[in-house]
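J.: For the protein sequence lines, the chains are R and Z, in the order given. Following our numbering, the residues of the first sequence are numbered contiguously, the last one being 421. Following our numbering, the residues of the second sequence are numbered contiguously, the last one being 589.
If you're looking for bench data, these hints aren't it; they were derived computationally from the structure. Please note that the accuracy of each hint is not assured.
Capping the alpha-carbon separation at 25 angstroms, the derived lysine to any residue pairs in SDA-like fashion look like this [said to hold, decoys possible]:
no., chain 1, residue 1, chain 2, residue 2
1, Z, Lys582, R, Gly22
2, Z, Lys582, R, Asp56
3, R, Lys322, R, Asn280
4, R, Lys88, Z, Arg479
5, Z, Lys584, R, Asn26
6, R, Lys48, Z, Asp463
7, R, Lys185, Z, Arg479
8, Z, Lys471, Z, Lys584
9, Z, Lys577, R, Ala52
10, Z, Lys585, R, Lys393
11, R, Lys156, Z, Pro522
12, R, Lys156, Z, Lys430
13, R, Lys393, Z, Lys577
14, R, Lys393, Z, Met562
A few chain Z residues facing chain R, derived, Cβ under 10 angstroms [claimed, not checked]:
no., residue
15, Gln567
16, Ile570
17, Ala571
In this text the structure is predicted, and so the values were computed from the model without any measurement. Virtual Cβ for every residue (Gly too), placed ideally from N, Cα, C.
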Amino acid sequence: MGMTITEKILAEHCGQKEVRPGQLINARLDLCLANDITAPIAIDEFEKAGAAKVFDREKIALVPDHFTPNKDIKSAEQAAQLRRFARKHQIKYYFEVGEMGVEHALLPEQGIVLPGDCIIGADSHTCTYGALGAFSTGVGSTDVAAGMITGEAWFKVPEQMKFNYKGKLSKWVGGKDLILFTIGKIGVDGALYRTMNFTGPVIQSLPMEDRLALCNMAIEAGGKNGIIEPDEITEEYVHLRARHAYKFFKSDTDAKYVESYDWNVTNMEPQVAFPHLPSNVHPVSKASDITIDQVFIGSCTNGRLSDLRLAASILKGNSVAKFVRCIVIPATQLVYRQAMEEGLIAIFLDAGCAVCTPTCGPCLGGHMGILAAGERCVATSNRNFVGRMGHVKSEIYLANAAVAAASAITGRITHPEEVAK
Amino acid sequence: MKFKGKAFKYGDNVNTDEIIPARYLNSSDPEWLAAHCMEDIDADFVKAKKKGDIIAARKNFGCGSSREHAPIAIKAAGISCVIADTFARIFYRNAINIGLPIIECPKAAADIEAGDAVEVDLAKGSIKNQRSGHTFKFEPMPPFAQEIIAAGGLMKYVMNKMKKEAKK
Numbered sequence: 001m002g003m004t005i006t007e008k009i010l011a012e013h014c015g016q017k018e019v020r021p022g023q024l025i026n027a028r029l030d031l032c033l034a035n036d037i038t039a040p041i042a043i044d045e046f047e048k049a050g051a052a053k054v055f056d057r058e059k060i061a062l063v064p065d066h067f068t069p070n071k072d073i074k075s076a077e078q079a080a081q082l083r084r085f086a087r088k089h090q091i092k093y094y095f096e097v098g099e100m101g102v103e104h105a106l107l108p109e110q111g112i113v114l115p116g117d118c119i120i121g122a123d124s125h126t127c128t129y130g131a132l133g134a135f136s137t138g139v140g141s142t143d144v145a146a147g148m149i150t151g152e153a154w155f156k157v158p159e160q161m162k163f164n165y166k167g168k169l170s171k172w173v174g175g176k177d178l179i180l181f182t183i184g185k186i187g188v189d190g191a192l193y194r195t196m197n198f199t200g201p202v203i204q205s206l207p208m209e210d211r212l213a214l215c216n217m218a219i220e221a222g223g224k225n226g227i228i229e230p231d232e233i234t235e236e237y238v239h240l241r242a243r244h245a246y247k248f249f250k251s252d253t254d255a256k257y258v259e260s261y262d263w264n265v266t267n268m269e270p271q272v273a274f275p276h277l278p279s280n281v282h283p284v285s286k287a288s289d290i291t292i293d294q295v296f297i298g299s300c301t302n303g304r305l306s307d308l309r310l311a312a313s314i315l316k317g318n319s320v321a322k323f324v325r326c327i328v329i330p331a332t333q334l335v336y337r338q339a340m341e342e343g344l345i346a347i348f349l350d351a352g353c354a355v356c357t358p359t360c361g362p363c364l365g366g367h368m369g370i371l372a373a374g375e376r377c378v379a380t381s382n383r384n385f386v387g388r389m390g391h392v393k394s395e396i397y398l399a400n401a402a403v404a405a406a407s408a409i410t411g412r413i414t415h416p417e418e419v420a421k
Numbered sequence: 422m423k424f425k426g427k428a429f430k431y432g433d434n435v436n437t438d439e440i441i442p443a444r445y446l447n448s449s450d451p452e453w454l455a456a457h458c459m460e461d462i463d464a465d466f467v468k469a470k471k472k473g474d475i476i477a478a479r480k481n482f483g484c485g486s487s488r489e490h491a492p493i494a495i496k497a498a499g500i501s502c503v504i505a506d507t508f509a510r511i512f513y514r515n516a517i518n519i520g521l522p523i524i525e526c527p528k529a530a531a532d533i534e535a536g537d538a539v540e541v542d543l544a545k546g547s548i549k550n551q552r553s554g555h556t557f558k559f560e561p562m563p564p565f566a567q568e569i570i571a572a573g574g575l576m577k578y579v580m581n582k583m584k585k586e587a588k589k
């Protein structure tokens, strides 16, 4: 019987010919990741265990991105702990403020996560790297502490689900809309403990940055990982940036799936997730009477160059509505620089947007755009839970960057078509 | 292990932002986290909880972020165990790794109401609700997870294993 790409990667990393769903394995890791919120607990556990050194200084990434540049003394202490550890153990992939970015935008961009890798990260959106054809999943800090010592992690081989997308995507519709649509159909636990295999002609022609946005939110359906078979688009993205050898795995045609979905997405509108769950999804045309106070364009979901290009194409020559704040946060230093060189930053500033240095910031209610009671925000990020971006009586609407930009201009949730020239 | 306590009851999809809001994640001190546990969905929780109390909830408890601060906050708040229909997978892993007992038992999770006195016997795999008089059986955790808990958490399990391998 055949195996899926996830099963093949896991089999290779635990030294077995094949693995099956439900099997418990110890897999060799190509990368352990943690950030300024999750690394402190991992470092405490590492030190409490009396460990003297990390298993491989080149297979650990520490990215202080959540509350940085530090918002208060406590978060500065956490970042300082990360820095001390990185210096002591000579961690190769430590990124200081000024070179860092939102981790799940940064690591693919820098060629540190690659096809065929087996990756854990103490951050739930670690599932993003499935877009490259890697097995990558979010874990807790203690898992990362153990991983940093042993270079291994325990996994239960997940059951496999298949999502097949056919048809042609409309203008203004991309990876974010596909994943919101999917979560809307299956719910926030629709893929609990399982792998989401994203396939079909729509995925095969989907640009890499859209694939990253799509896989980023697999966790929002409860998935253990989301994954896309690597192809020419993958090769084009990774071949110049790869920092280590990589390998393409493909699912066998007779691989087994516990559930399969087949959707024709032709004529699908941009999707919006209403408060307070990512599964509360409606087409944007059903949201057009909802007024807003803030727009956030950024995050590990949609803070990449293609997102900023999309937003700028709509904001160009327009102004952000009176009494609305539009906060744009390029996800990495490189995205920031490219946006500047392409003139996108000037367009944002001309339109009346605030443009900030890379950080997760407002996505998790950290800083740089916290909401007051009763305020509504259109965000390109990934979670709209109660209180996620501020006051428990604030509301978050999740959408793609084009919808976010269009909404900033009108002050209500808006289909990009309405304002595009 | 046996527990007896009063139940706090929640619904589906209790997420980690509700268990411990991100604005408190600028510290990982368990006491600090416990002092803010559940405050956005249940402002009374912190005042009302007593050592040994239990949390009962429905589907997908602990969904959202990977923050280990969530099970740490619950454990440090003195909660003896969480009973739910299902748990989000990272929360499930984290709870095992830090030694917070969690039980998947949809029937008990449905039966338990806020304020019920509940008895749990982890070894026997039974839950008794004193109010309703019902007793529920649950599947014990997988043996691998039990080994981790018996060792006192993932770190001790890993260090024991490494010591054994070093002797070989």
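J.: Does each hint fit the structure? Answer for all of them.
T.: Hints versus structure:
{"no.": "1", "hint": "Z:Lys582 x R:Gly22", "result": "holds (23 angstroms)"}
{"no.": "2", "hint": "Z:Lys582 x R:Asp56", "result": "holds (19 angstroms)"}
{"no.": "3", "hint": "R:Lys322 x R:Asn280", "result": "violated (28 angstroms)"}
{"no.": "4", "hint": "R:Lys88 x Z:Arg479", "result": "violated (44 angstroms)"}
{"no.": "5", "hint": "Z:Lys584 x R:Asn26", "result": "holds (17 angstroms)"}
{"no.": "6", "hint": "R:Lys48 x Z:Asp463", "result": "violated (34 angstroms)"}
{"no.": "7", "hint": "R:Lys185 x Z:Arg479", "result": "holds (20 angstroms)"}
{"no.": "8", "hint": "Z:Lys471 x Z:Lys584", "result": "violated (39 angstroms)"}
{"no.": "9", "hint": "Z:Lys577 x R:Ala52", "result": "holds (15 angstroms)"}
{"no.": "10", "hint": "Z:Lys585 x R:Lys393", "result": "violated (53 angstroms)"}
{"no.": "11", "hint": "R:Lys156 x Z:Pro522", "result": "holds (19 angstroms)"}
{"no.": "12", "hint": "R:Lys156 x Z:Lys430", "result": "violated (29 angstroms)"}
{"no.": "13", "hint": "R:Lys393 x Z:Lys577", "result": "violated (42 angstroms)"}
{"no.": "14", "hint": "R:Lys393 x Z:Met562", "result": "violated (38 angstroms)"}
{"no.": "15", "hint": "Gln567", "result": "violated (12 angstroms)"}
{"no.": "16", "hint": "Ile570", "result": "violated (13 angstroms)"}
{"no.": "17", "hint": "Ala571", "result": "violated (15 angstroms)"}
Against the hints set out earlier in the document, violations occur for numbers 3, 4, 6, 8, 10, 12, 13, 14, 15, 16 and 17.
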